[in-house]
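Engineer: Chain by chain, the residues:
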Amino acid sequence: MGGWELNLGMLSQVLITGSINCAIYAIMAVGLTLVYGSTRILNFAHGSLFSWGAYLAWFFSVGYFRFNYAITVVLTIFIMFFVGLLFERVVSHPLRRYPDWQTNIIIVTLGAALFMDNLALVVFGPRTKRIPRLLEGSVNIGNVVVDRHDIVIVIMAAVILLLLGAFLKKTWYGMAVRAVAQDSTGAQIVGLHMDRVFSGTLGISAALAGISGILLGPKTLIFPSVGWEVFAKAFVITVLGGLGSVKGTLYAAIIMGMVEVFVTYILGAVWGLPIFIGVLLLVLIVRPKGLFGTWE
Amino acid sequence: MLEVERIDMFYEEYQALKEISLEVKEGELAILFGPNGHGKSTLLKSVCGLLTPQAGHIRFNGEIISGLGTHEIVKRGLVYIAEDKHLFPEMTVEENLKIGAYNTTARRKKDEHFAYVYGLFPRLLERRKRLASTLSGGEARMLALGRGLMSSPSFLAIDEPSFGLSPLMRTEVFRTISEINKNHMTILLVEQSVAEALESGGTLSFDMIYLIENGQIVFEGSKEDLVRNDHIKEVFLGTTD
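Those protein sequences? They're chains A and B, same order as listed.
When the first sequence is numbered by the working numbering, its final residue is 296 and no position is left out of the sequence of numbers.
When the second sequence is numbered by the working numbering, its final residue is 1241 and no position is left out of the sequence of numbers.
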């Protein structure tokens, strides 16, 4: 907390913390927007997927097994991907038969979130968990001290987003995901297998949430509802960027990541979440479709 | 090749199609005429799998396809070109065409199909890097048709391709459709205005005409049959000569 004095050292610190926020928010929010764009489902269980990502990382690296980080990360991502696939197959798909499914699905994802949170409580117990950082220690960049783990977060986020972008642009399946998001009837007309696109998209989204959990997990305590705050922020970012627009979401993640850091530095940490709520209200009043959204 | 056998189609309480039957033989160009709202698009959507009829069957090459999903029907060679086009606005012309070739058969022949489509529509070749949302009305129709051709169809169900186009463009569209038909493509074409289509489609040589009114087929026959039928001519062409 401080006043208005921003010397270079503090500014660098703030910017670095900001980039970490941007990185995590970007991955979470992109996952949320991909699912919305494709299936028109706002996945309220996205935060719980984040929590489970963190819990699984704990389970594999510390809690039950002692795998090294590489194995932990790979296993967790795989499992999260299949959870996403399964959810689409088993829950969303049957529900789409019914005419009112778009409203029902919101309630269903909320139910899934509560189920997952309680399952975590039952399986892992009420005691909060900690997972070690991916890399211990810190380095000096100029006159600022940066945790090695934080550098890993930013680099991994960048790599993941680049890979995702290449996947969406260059692969056939990636094109299919984009097509379904842009015109679902057109997607059917060209013969795309809609259910497969929906499953895969939800799988990718769940994997992204899981990755966020693995990356952010070491910096916080892990408890069943740990994902809700990140979800709330990711949700606001998704709305700000325009529901369904990956590009918009990325811009919004960077904006909000930085805004949050500056606001909490100047006004205090307690203003972190409220600033998101404030931005959400602003967007809904001024420009409901967000920066890059197309109205549904 | 395509046999529609007595299908019913309901939207909630409203019956859009009443025991409709029609047949398109291999290699034919059949036209379905009818005023707006009388079931033309509903029929095409039932044929391509976007809708499922509540009664009756649809057969394609002898196999029952009613009830199958659109992706299954596309795989079997029946492709729908919608009146609303449903292009992918944030993809380029080239990407829109490419994704038309998504199914496995088409993917193998992708380059061949690209060559054919660009040959038919040189304008699309020129504009291939442009986003689909920037195309004019006529170009968008070309792209919709081209994208359909990329799916390796043996049968095209085309919904009002000339709607909203200038007379010059309309003739061009019909000429192209004729050419595609001559190139071993069976086509079921839906059009709103009989007179306009017959006039500007002077080069359009079709084998069968169907007229639909209030969800029922009220006429089927060749062009000669239509010309000979004074009552139908009066109702649909507004003339008896």
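Hints should not be assumed to be uniformly reliable.
Straight-line Cα separation of at most 16 Å, EDC-like style, residue types lysine to aspartate or glutamate; simulated pairs [claimed, not checked]:
#, chain 1, residue 1, chain 2, residue 2
1, A, Lys-169, B, Glu-1094
2, A, Lys-170, B, Glu-1094
3, B, Lys-1045, B, Glu-1072
4, B, Lys-1018, B, Glu-1213
5, B, Lys-1025, B, Asp-1008
6, B, Lys-1129, B, Glu-1072
7, B, Lys-1018, B, Asp-1008
8, A, Lys-129, A, Asp-195
9, B, Lys-1110, B, Glu-1090
10, A, Lys-169, B, Asp-1084
11, B, Lys-1182, B, Glu-1063
12, B, Lys-1182, B, Glu-1213
13, B, Lys-1045, B, Asp-1084
14, A, Lys-170, B, Glu-1090
15, B, Lys-1129, B, Glu-1139
16, A, Lys-170, B, Glu-1095
17, B, Lys-1129, B, Asp-1084
18, A, Lys-169, B, Glu-1090
19, A, Lys-247, B, Glu-1090
20, A, Lys-219, A, Glu-229
21, B, Lys-1075, B, Glu-1063
Rather than coming from a laboratory, the hints here were simulated on the basis of the structure.
Quick caveat: nothing in here was measured; it's all calculated off a predicted structure.
Engineer: If a hint holds in the structure, say so; if it doesn't, say that too.
Structural biologist: Checked hints:
Between A:Lys-169 and B:Glu-1094 the CA atoms are separated by roughly 13 Å; this keeps the pair inside 16 Å, and the hint holds. The hinted pair formed by A:Lys-170 and B:Glu-1094 meets the criterion: a straight-line CA distance of about 13 Å does not exceed 16 Å. Between B:Lys-1045 and B:Glu-1072 the CA atoms are separated by roughly 14 Å; this keeps the pair inside 16 Å, and the hint holds. A hinted pair counts as satisfied when its Cα atoms are at most 16 Å apart, and B:Lys-1018 with B:Glu-1213 qualifies at roughly 10 Å.
With a C-alpha separation of about 22 Å, the suggested pairing of B:Lys-1025 with B:Asp-1008 is violated against the 16 Å cut-off. A C-alpha spacing of about 30 Å is found between B:Lys-1129 and B:Glu-1072, which places the hinted pair above 16 Å, so the restraint is violated. Between B:Lys-1018 and B:Asp-1008 the alpha-carbon distance is near 5 Å, which keeps this suggested pair within the 16 Å criterion. Simply put, A:Lys-129 and A:Asp-195 have alpha-carbon atoms about 37 Å apart, too far for the 16 Å limit, and the pair is violated.
At roughly 21 Å between alpha-carbon atoms, B:Lys-1110 and B:Glu-1090 are farther apart than 16 Å, so this suggested pair is violated. For a cut-off of 16 Å, the pair hint linking A:Lys-169 to B:Asp-1084 is broken: about 25 Å separates their Cα positions. Proposed proximity of B:Lys-1182 and B:Glu-1063 is contradicted: the alpha carbons are some 25 Å apart, above 16 Å. Using a Cα cut-off of 16 Å, the hinted pair B:Lys-1182 and B:Glu-1213 is violated, with the two alpha carbons roughly 29 Å apart.
For the given pair, B:Lys-1045 sits about 12 Å from B:Asp-1084 by alpha-carbon distance, which is consistent with the 16 Å threshold. A threshold of 16 Å between alpha carbons decides the hint, and for A:Lys-170 with B:Glu-1090 the separation of about 15 Å falls inside it, so the pair holds. About 13 Å separates the Cα atoms of B:Lys-1129 and B:Glu-1139, which keeps this hinted pair within 16 Å; it holds. About 10 Å separates the Cα atoms of A:Lys-170 and B:Glu-1095, which keeps this hinted pair within 16 Å; it holds.
Annotation: proposed proximity of B:Lys-1129 to B:Asp-1084 is violated, straight-line Cα distance about 22 Å (limit 16 Å). Taking the CA atoms of A:Lys-169 and B:Glu-1090, the gap is near 12 Å; set against the 16 Å cutoff, the hint holds. As the CA atoms of A:Lys-247 and B:Glu-1090 are separated by approximately 12 Å, the hinted pair is consistent with the 16 Å bound. With a CA separation close to 14 Å, the supplied pair A:Lys-219 and A:Glu-229 stays within the 16 Å bound.
A threshold of 16 Å between alpha carbons decides the hint, and for B:Lys-1075 with B:Glu-1063 the separation of about 13 Å falls inside it, so the pair holds.
The structure shown violates the earlier hints numbered 5, 6, 8, 9, 10, 11, 12 and 17.
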